[in-house]
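Student: The lines below spell out each chain.
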Amino acid sequence: MSVNVESLQSSTYFSGLSSEELDSIGKLLFEKAAARGEIILFEDEPAQAVYLVVAGVVKIFKTSTDGKEQILYLARPGDSFNDVPVFDGGLSLASAEALTQVVLYGIKKNDLEASLSEYPGLAKNVIRVLSQRIGQVISLVEDLSFRRVTGRVAKILLENSEDTHAHKHRLTQQEMAAMAGTAREMIGRSLKLLEEEGKVRLERNRIVITDKEALQEVAGVGQ
Amino acid sequence: MAKMPVIDRNKCDGCGLCVEVCQCKVLALVGNVIEINEKKECHLCTRWCTMCEMVCPTGAIQCPFEVVIEEESP
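Here the protein sequences line up with chains L and P, keeping their order.
In this text, residue positions in the first sequence follow the working numbering: the first is 2, and each later residue adds one.
In this text, residue positions in the second sequence follow the working numbering: the first is 16, and each later residue adds one.
Mixed in with the good hints there might be a few duds.
Covered by chain P, per the in silico footprint, the following chain L stretches (three or more residues, Cβ under 8 Å) [said to hold, decoys possible]:
#1 82-88
#2 194-207
Covered by chain L, according to a simulated footprint, are these stretches of chain P (three or more residues, beta-carbon under 8 Å) [to be verified]:
#3 31-40
#4 63-69
#5 73-80
List time: in silico DSBU-like cross-link candidates among lysine-lysine, alpha-carbon distance up to 35 Å [said to hold, decoys possible]:
#6 L:K110 <-> L:K69
#7 P:K54 <-> L:K193
#8 L:K28 <-> P:K54
By construction, these hints were calculated from the structure, which means they are not laboratory data.
For each residue, glycine too, the CB sits at the ideal point set by N, CA and C.
Assemble the whole structure, with the sequences as input and the hints as a guide.
Tutor: The structure is reproduced here in structure tokens:
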């Protein structure tokens, strides 16, 4: 397969490798396309290949038994996914869904292992990718375990609802994440949770506080 | 007119991911920068899906929410 060398060089996996090395590794890659909404990988299935996003966005997520979804991260061009289970020989740890039309390069487990022995630069890059992945997961564990993100989101909503300026500031989920000291994905989850509990209603451009007292209780602020 | 996502053209690097993810086709790449097609409406996703904001790698798109208390809403 003829690969786009620029796409490879822009990814952490293949950065710093020579053209000759990229050409050799390129021969081991296969291309895979996915339509928007298509599930590329299912959690708990045998992991057979690592994928690199060439174009589009892939959502990497876990689903609970009652159908709740937790996004682990979004893989954009240059990012990889399914690396951990391929290296430890286990099952896929998360599912992957194409959020757009997606083009991927895949490399099979055996081919990747052979390349790691042959190209030390690739091995170093893989260590860097896996270290970043551990960092992301530790950060998520911290959010889920220690931080009462929903409480802080509730407080931010209450404070913002009290803004009486004529040109009231409108909040983005990114801003809420920065204010709550968490990831944007956690804000979406918290808002959904508050909506399920009947404390807020999400509308177009608006978050309506439907039960102020209950929201104050979640926020831990006096009524 | 329905509210639309807010674009910061200085931050937009023209990657086009938001165009691909938008179900309502309100976003388009014009001269390598994102533009909003005012003739379309950001409504098919039924409510502010904010996917364009979520996928944007440079923070060039914002989908802001107004926060109101029920009795204050019209």
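Student: Hints first: check each against the structure and report whether it holds.
Tutor: Hints versus structure:
Restraint check on the segment 82-88 of chain L versus chain P: 0 residues with Cβ-Cβ distances below 8 Å, three needed, restraint violated. Residues of the segment 194-207 of chain L lying with their CB closer than 8 Å to a CB of chain P number 6, which satisfies the three-residue condition for coverage. By the rule of at least three residues with a Cβ nearer than 8 Å to a Cβ of chain L, the coverage given for the segment 31-40 of chain P holds, with 3 such residues. Closer than 8 Å: that is the beta-carbon criterion, and the segment 63-69 of chain P has 5 residues meeting it against chain L, so the requirement of 3 holds.
Residues of the segment 73-80 of chain P with a Cβ under 8 Å from some Cβ of chain L number 5, which satisfies the need for three, so the listed coverage holds. As the CA atoms of K110 (chain L) and K69 (chain L) are separated by approximately 30 Å, the hinted pair is consistent with the 35 Å bound. Our distance criterion of 35 Å between C-alpha atoms is met by K54 (chain P) and K193 (chain L), whose separation comes to about 30 Å. With a CA separation close to 46 Å, the supplied pair K28 (chain L) and K54 (chain P) exceeds the 35 Å bound.
Going through the hint list in order, the structure does not satisfy hints 1 and 8.
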